[in-house]
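Chemist: So the sequence lines, in the order shown, correspond to chains A and B. Note that this note's numbering has the first sequence beginning at 1, numbered continuously upward. Note that this note's numbering has the second sequence beginning at 1, numbered continuously upward.
A few of these clues could be false.
[Said to hold, decoys possible] List time: in silico DSS-like cross-link candidates among lysine-lysine, alpha-carbon distance up to 27 Å:
no.	chain 1	residue 1	chain 2	residue 2
1	A	Lys12	B	Lys63
2	A	Lys17	B	Lys48
3	B	Lys139	B	Lys114
4	A	Lys24	A	Lys12
5	B	Lys139	B	Lys63
6	B	Lys134	B	Lys48
7	B	Lys155	A	Lys12
8	A	Lys24	B	Lys48
9	A	Lys4	B	Lys134
[To be verified] Okay, the calculated bits of chain A under chain B, using three or more residues with CB under 8 Å as the criterion:
no.	region
10	22-29
11	336-342
Read the hints as simulated data drawn from the structure, not as lab findings. Values in this document were obtained by computation on a predicted structure and should not be read as measured data. Idealized CB from N, CA, C, for every residue including glycine.
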Amino acid sequence: MFEKRYKDEMQKISPTKDLINQTKAAMRVELEDKNPIVQKESHVRTYRARKSVLIAAIMAILLLSATAFAALGGFDWFIARFNPNFAGVVEPVMSYSEEQGIRMTIIGAQRFANMAIVYLSVQDVSGENRLTERIDFSDGFSVGRGISFGYQRNLLYFDSVTNTAYFEIRITADANSPLPDPLMLGSLTIIFGMDSYRNEPMGINLSAIGQGITIPVAYENIFVRGYGGEQGSVLPPNRMLAIGNRTPLPHGTRGAWLSNIGIVDGQLHIQTNQYFTAEFGSNFSLLAPNGDVIYSQQTVDVWLDADGNLMSHGIEYRPTYRVAETIFDVNIANLSNYTLVFSANVPRGIFDGNWWVEVNTSDVSQQMIALTNDVSVDGILFEFITISPLGLQVIGSYTGEIGFRLSELSVKVETSDGVITLSGGGGRFGNQTFNASWDSDLQLNITTVTAIIVNDLRIEVY
Amino acid sequence: MSICQSQARGDWVDEIVDRYADMVYRIAFTQTKNQADADDIFQEVFLKLCKSAVSFETDEHIKAWLIRVTINASRKFFGSGWNKKTVAFPEDLVYEEKDQYTEIIPIVQSLPSKYRTVIHLFYFEDMPIAEIAKILNLKATTIKSQLSRGRGIIKNKLKGGFENV
Numbered sequence: 001m002f003e004k005r006y007k008d009e010m011q012k013i014s015p016t017k018d019l020i021n022q023t024k025a026a027m028r029v030e031l032e033d034k035n036p037i038v039q040k041e042s043h044v045r046t047y048r049a050r051k052s053v054l055i056a057a058i059m060a061i062l063l064l065s066a067t068a069f070a071a072l073g074g075f076d077w078f079i080a081r082f083n084p085n086f087a088g089v090v091e092p093v094m095s096y097s098e099e100q101g102i103r104m105t106i107i108g109a110q111r112f113a114n115m116a117i118v119y120l121s122v123q124d125v126s127g128e129n130r131l132t133e134r135i136d137f138s139d140g141f142s143v144g145r146g147i148s149f150g151y152q153r154n155l156l157y158f159d160s161v162t163n164t165a166y167f168e169i170r171i172t173a174d175a176n177s178p179l180p181d182p183l184m185l186g187s188l189t190i191i192f193g194m195d196s197y198r199n200e201p202m203g204i205n206l207s208a209i210g211q212g213i214t215i216p217v218a219y220e221n222i223f224v225r226g227y228g229g230e231q232g233s234v235l236p237p238n239r240m241l242a243i244g245n246r247t248p249l250p251h252g253t254r255g256a257w258l259s260n261i262g263i264v265d266g267q268l269h270i271q272t273n274q275y276f277t278a279e280f281g282s283n284f285s286l287l288a289p290n291g292d293v294i295y296s297q298q299t300v301d302v303w304l305d306a307d308g309n310l311m312s313h314g315i316e317y318r319p320t321y322r323v324a325e326t327i328f329d330v331n332i333a334n335l336s337n338y339t340l341v342f343s344a345n346v347p348r349g350i351f352d353g354n355w356w357v358e359v360n361t362s363d364v365s366q367q368m369i370a371l372t373n374d375v376s377v378d379g380i381l382f383e384f385i386t387i388s389p390l391g392l393q394v395i396g397s398y399t400g401e402i403g404f405r406l407s408e409l410s411v412k413v414e415t416s417d418g419v420i421t422l423s424g425g426g427g428r429f430g431n432q433t434f435n436a437s438w439d440s441d442l443q444l445n446i447t448t449v450t451a452i453i454v455n456d457l458r459i460e461v462y
Numbered sequence: 001m002s003i004c005q006s007q008a009r010g011d012w013v014d015e016i017v018d019r020y021a022d023m024v025y026r027i028a029f030t031q032t033k034n035q036a037d038a039d040d041i042f043q044e045v046f047l048k049l050c051k052s053a054v055s056f057e058t059d060e061h062i063k064a065w066l067i068r069v070t071i072n073a074s075r076k077f078f079g080s081g082w083n084k085k086t087v088a089f090p091e092d093l094v095y096e097e098k099d100q101y102t103e104i105i106p107i108v109q110s111l112p113s114k115y116r117t118v119i120h121l122f123y124f125e126d127m128p129i130a131e132i133a134k135i136l137n138l139k140a141t142t143i144k145s146q147l148s149r150g151r152g153i154i155k156n157k158l159k160g161g162f163e164n165v
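With the rest of the complex left out, here is chain A:
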């Protein structure tokens, strides 16, 4: 009965004929502006007709390539359009996950042992054009739960017409945390734009700042420490400002605010508070009258639970707030001489969601070379080397301490076509072992590799 009554009544609600006609007229104008049709005079009908058809055809192709074709073309279109560095090794995937009007499409992907290459797009399909060139995944890009990995993302192109960002993402997982099969590629957080602030005045009269009301803080409450200069003998504070009321930051940001400001133990303290998951990073500096920038002596982060209590190391539940206290070691008698300034990347908007795509890839072992002969390189042992079209991964060991960073090593791949320099050397050290990786900017043709050159050592590949 309710259903019938509701339907009967709602049937009486309709747009008026005037509204419909006005809307149609406005739509025609909108479409005309996007794709004008040129009307030619009739006395040169044959020629002009052909030309107008040609113009219309060209306009249609342009419109198609800029809009619908971008969606229709798929993998082949992407490869032809961008000619990405690893086009020859990625397999088409063309699967997507969509939430809140944001569609993440895995266009193509490939994995080689613990390295992977992914081409993906992120598009606002709602029609609201919310994405910008500064779209980012923040910390939210993942290849599967519980995997320890690093990644580099490179924005290939931002299409403002379709509101689509195209990325190349290079992934390297720790040797002891192998990439899952199938890959689960996804993101929990997409930031659709960023506004950058550099040394923006906060508008706070520092000479009016008085002694701050404080609370004790212990070493086990401090989760993060940063230093403006050399760490030296700077001790962590044992007092911090009491958590204050919210004052909006002048530049506005989602989920973060100025909490307190005051003098503690002769030093200027500035405190911000934010929701733990808020995407906001900021730092404060002081500008001297002569233009010099004075950096903070240190910053400390403490975490709070939902009731505002300080949390300690070893917690097993997620914090609710993150409080950051910036400490300046300046002569507080001269604070009136300084201007407090603020630098931050402030997200314009954030989507928290679940974009996940399962990606199956083929067996590509034929495209990899594995070397298992131990090779000593400047005192460290390269025990297991994997070469793939993406670059090099090395598992090794060392005794004592090594006096250099792996990233300082010169690593090249010698091929029959020439020598290709790799970059990287990042990875993980632990218990006299390491695993590290070096990336190639261009796809390596494994069949032409003849040697690896590390510093002056040539390791021949058979």
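Once you've looked at the hints, dock chain B against the given chain A.
Modeler: Chain B alone, transformed into the frame defined by chain A:
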């Protein structure tokens, strides 16, 4: 169907508006509770369709897009600076145009926005829960829960009992 695959531009406009005008308008009305605001949302949604670069593969795709954009446009309408300066309508406002409808619409209009939406899509548009969930990007269990709560409120407000809800 995409803009590029349409016949003449005018035919496409007529076809799309004639097919979906009532649906878009009624959703906008359900959200805004008055026809003047629903008029604005209606026009905004169809103009957005023209500006959109999304490629629609089926009619269902267009329909889902229109529903989503109408709901979002209505929400932004309430969040807009202009709207914030106006006096908020009370949730239980009784409409003056009683010759158009009697008591059911005001009762549904008195529901919180999220319940209004699912009640309308379920009972008027005859959409299954799974489809509503997909369009609103919510779990089916959430939709069921919102339907149940909406029905509960309607039941309490209807005089003479509530049948077959």
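Chemist: Look at each hint and say if it fits the structure.
Modeler: Consistency of the hints with the structure:
no. : hint                : verdict
1   : A:Lys12 x B:Lys63   : holds, 21 Å
2   : A:Lys17 x B:Lys48   : holds, 20 Å
3   : B:Lys139 x B:Lys114 : holds, 14 Å
4   : A:Lys24 x A:Lys12   : holds, 22 Å
5   : B:Lys139 x B:Lys63  : holds, 19 Å
6   : B:Lys134 x B:Lys48  : holds, 21 Å
7   : B:Lys155 x A:Lys12  : holds, 23 Å
8   : A:Lys24 x B:Lys48   : holds, 12 Å
9   : A:Lys4 x B:Lys134   : holds, 25 Å
10  : 22-29               : holds (count 6)
11  : 336-342             : violated (count 0)
In summary, the one numbered hint that this structure violates is 11.
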